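Asks: So you can see what is in the structure, the chains are spelled out below.
There are 2 protein chains.
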Amino acid sequence: MKLKAMYSFLNADLQLVEKELEAATQSDYSLLSSAALHLLQAGGKRIRPVFVLLSGKFGEYDIQRIKHVAVALELIHMASLVHDDVIDDAEMRRGRETIKAKWDNRFAMYTGDYIFARSLEWMTRLNNPLAHRILARTIVEVCRGEIEQIKDKYRFDQTLRCYLRRIKRKTALLIAVSCQLGAIAANAPKEVADRLYLFGYYVGMSFQITDDILDFIGTQEQLGKPAGSDLLQGNVTLPVLFAMENVHAKEKIVRVHPHTSADEMNEIITLIKQTGAIEQSYAMSDRYLQKAFAVLETLPKNKARSALYEVAKYIGKRKF
Amino acid sequence: MKLKAMYSFLNADLQLVEKELEAATQSDYSLLSSAALHLLQAGGKRIRPVFVLLSGKFGEYDIQRIKHVAVALELIHMASLVHDDVIDDAEMRRGRETIKAKWDNRFAMYTGDYIFARSLEWMTRLNNPLAHRILARTIVEVCRGEIEQIKDKYRFDQTLRCYLRRIKRKTALLIAVSCQLGAIAANAPKEVADRLYLFGYYVGMSFQITDDILDFIGTQEQLGKPAGSDLLQGNVTLPVLFAMENVHAKEKIVRVHPHTSADEMNEIITLIKQTGAIEQSYAMSDRYLQKAFAVLETLPKNKARSALYEVAKYIGKRKF
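The listed protein sequences correspond, in order, to chains D and P. My numbering applies: residue 1 is where the first sequence begins, and numbers increase by one. My numbering applies: residue 1 is where the second sequence begins, and numbers increase by one.
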């Protein structure tokens with residue numbers, strides 16, 4: 001099944017969210033608007049808004065309230081991408097030039113700041129101090145995750161725990177909070193919101209692990225960048241950690257630096273695949289997915305629950 | 001009178017705010033904590049917390065509530081300084097190395113992000129959605145001001161209006177909102193909060209114009225950087241705009257670029273002083289100050305009002 005078909009009953013509402021996203025990124029300064037629009041048009045799955053809306057279905061769903069939450073979560077995600085591209089010195093994302101490549105690092109920094117701030121501004125349209133507090137704390141954690149990512153670059157001696165904590169802050173938290181805030185915005189019972197948070201957390205962990213796997217097994221065309229880019233940039237991800245349990249592979253991996261040649265990288269990628277690290281990583285991704293499904297079982301049965309199940313399965317097992 | 005003597009009755013409360021600021025910038029990641037501490041210890045006048053607390057005295061002043069607002073406003077100011085130093089490529093601030101100089105631009109970007117987010121997190125400790133909304137909107141405007149500042153660099157044909165709008169967003173707004181939110185946190189009547197906002201706006205305009213004057217008339221020792229640094233970096237400030245009404249001065253000024261020599265800069269500074277631009281700028285700063293005083297006259301007479309008067313006079317007319 002295609003992703004969009006899983007929640008076709010949300011189509012009209014997602015279109016409304018898209019329009020709001022455009023409005024939220026507009027400004028009277030045209031360069032900023034065009035940078036934000038460039039980013040919006042680059043697309044993306046809008047996974048966070050989907051989780052917000054589906055979670056809202058467990059309460060008194062009102063699109064006019066919940067749309068603010070959906071927009072806020074997608075904006076945070078966009079802002080963090082802009083700043084990540086500065087850090088990673090990335091020229092391309094989703095097959096398009098990044099803001100820092102098209103303009104420059106400084107402009108990208110303030111564009112990111114602006115989008116972060118807009119996210120919070122949008123959220124405060126919802127008259128709910130608890131929701132504001134959760135969002136602000138989430139941004140703090142996302143920032144910590146980003147800082148940890150710099151600190152941990154090319155640190156090949158890091159533990160599995162270190163990796164898991166990093167992807168929690170970097171990815172899983174935002175998906176968990178999307179689910180939680182969707183429920184809160186719809187005045188769902190606290191217990192339901194808490195379970196949706198947990199569901200989102202497990203899905204997010206599975207999602208990021210799959211992402212980290214795809215960096216090794218995807219083609220340049222699928223990824224929009226060469227395979228192994230994460231490792232070349234010093235990001236020590238789960239397949240790398242598993243592969244380093246093999247002494248021979250470890251010897252090669254720890255020598256990776258920003259200027260390792262494409263040939264050497266291809267050799268290392270082949271080596272990583274041969275260790276079985278990809279399969280081990282998929283197994284861990286799947287364990288998180290199964291935990292997510294188990295949480296889902298405890299929630300009231302409805303159309304949204306079925307859709308959450310399908311979406312989780314899709315993004316945990318996706319091929320690109 | 002020394003600045004601190006004007007509000008000595010706040011001493012204990014300001015010490016509490018200082019302790020909270022330390023707590024707010026701590027994290028379990030030591031590099032981030034030390035960067036934030038480096039910034040805190042660089043000092044600064046803590047003008048925004050002072051305005052918050054004094055404005056709170058116009059309502060039901062409760063330091064345990066209002067301290068959150070004071071911390072949030074100072075943190076936003078700190079975060080914007082960190083990002084400004086990245087943009088300006090500044091090596092020194094207040095006589096100390098900047099974060100971007102001591103570590104690097106990337107780290108400085110995320111440190112700024114982190115402090116921005118902490119500011120909002122701290123604010124949400126106050127259970128007041130209106131206050132959250134005002135703060136979020138303020139950050140959006142501050143970011144716009146920062147982006148405008150990049151856009152307007154070395155644009156010597158800009159209007160006075162363009163300059164005034166920029167310093168409003170860059171400086172005056174944050175002081176205005178400090179006053180407004182101090183009043184709101186103390187449940188002061190809306191009309192009082194609105195007047196305090198206006199007072200803060202006028203004071204902020206005067207403050208920034210004075211700052212822009214000092215860049216030309218201060219010594220390197222007073223400024224912590226060479227005189228004329230703003231102009232060298234392309235910031236077209238009020239004294240520059242006034243000086244360019246003189247055709248001879250304008251000819252020299254429009255040729256300033258990032259690598260203009262120190263000797264040439266000194267010549268241009270002398271020229272700017274000779275046009276009378278400094279006196280004209282002081283006159284405009286003073287007009288804003290008088291407007292601030294006029295607003296103050298309409299507020300209830302109390303110890304805080306007297307202190308606001310003294311503080312405003314001090315920062316509008318300060319010599320360094």
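These are computed hints drawn from the structure, not numbers from a lab. Note that the structure is a prediction, hence the values are computed from the model and not measured. Some clues are possibly wrong.
Remember, identical chains collapse to one label, so a pair may be satisfied in a single copy or spanning two.
To be verified - No more than 20 Å apart at the CA atoms, straight line, and that leaves these computed lysine to aspartate or glutamate pairs for EDC-like:
hint, residue 1, residue 2
1, Lys291, Glu22
2, Lys151, Asp104
3, Lys4, Glu297
4, Lys273, Asp263
5, Lys153, Asp104
6, Lys151, Glu245
7, Lys45, Asp13
8, Lys45, Asp84
9, Lys4, Asp230
10, Lys45, Asp62
11, Lys190, Asp104
12, Lys291, Glu264
13, Lys225, Glu279
14, Lys190, Glu310
Asks: Hint by hint, note whether the structure agrees.
Replies: Checked hints:
Proximity of Lys291 and Glu22 under a CA criterion of 20 Å is satisfied in neither setting, with 35 Å inside one chain copy and 39 Å between copies. Proximity of Lys151 and Asp104 under a CA criterion of 20 Å is satisfied inter-copy only: 12 Å between copies versus 23 Å inside one chain copy. Taking CA atoms no more than 20 Å apart as the test, Lys4 paired with Glu297 passes in neither setting, with 23 Å inside one copy and 62 Å between copies. For a Cα distance limit of 20 Å, the shortest separation of Lys273 from Asp263 inside one copy, 16 Å, qualifies, whereas the shortest one across copies, 62 Å, does not.
Proximity of Lys153 and Asp104 under a CA criterion of 20 Å is satisfied inter-copy only: 15 Å between copies versus 23 Å inside one chain copy. Taking identical chains as interchangeable, the C-alpha atoms of Lys151 and Glu245 are never at most 20 Å apart, the minima being 22 Å within one chain and 51 Å between chains. Proximity of Lys45 to Asp13 under the C-alpha cut-off of 20 Å is restricted to the intra-copy arrangement: shortest distance 15 Å within a copy versus 49 Å between copies. In this assembly of identical chains, Lys45 and Asp84 lie within 20 Å of each other by CA distance solely inside one copy; the values are 18 Å within and 33 Å between copies.
In the homo-oligomer, the alpha carbons of Lys4 and Asp230 never lie at most 20 Å apart, since the shortest distance is 28 Å inside one protomer and 52 Å across protomers. Taking the shortest alpha-carbon separations for Lys45 and Asp62, neither the intra-copy value of 22 Å nor the inter-copy value of 47 Å comes in at or below 20 Å. For the identical chains of this complex, Lys190 and Asp104 are neighbours neither inside a copy (44 Å) nor across copies (43 Å), given an alpha-carbon limit of 20 Å. Proximity of Lys291 and Glu264 under a CA criterion of 20 Å is satisfied in neither setting, with 38 Å inside one chain copy and 69 Å between copies.
Taking the shortest Cα distances, Lys225 and Glu279 never come within 20 Å of each other, neither inside one copy (23 Å) nor across copies (58 Å). Proximity of Lys190 and Glu310 under a CA criterion of 20 Å is satisfied in neither setting, with 24 Å inside one chain copy and 50 Å between copies.
In terms of the numbered hints stated before, the structure departs from hints 1, 3, 6, 9, 10, 11, 12, 13, 14, listed from lowest to highest.
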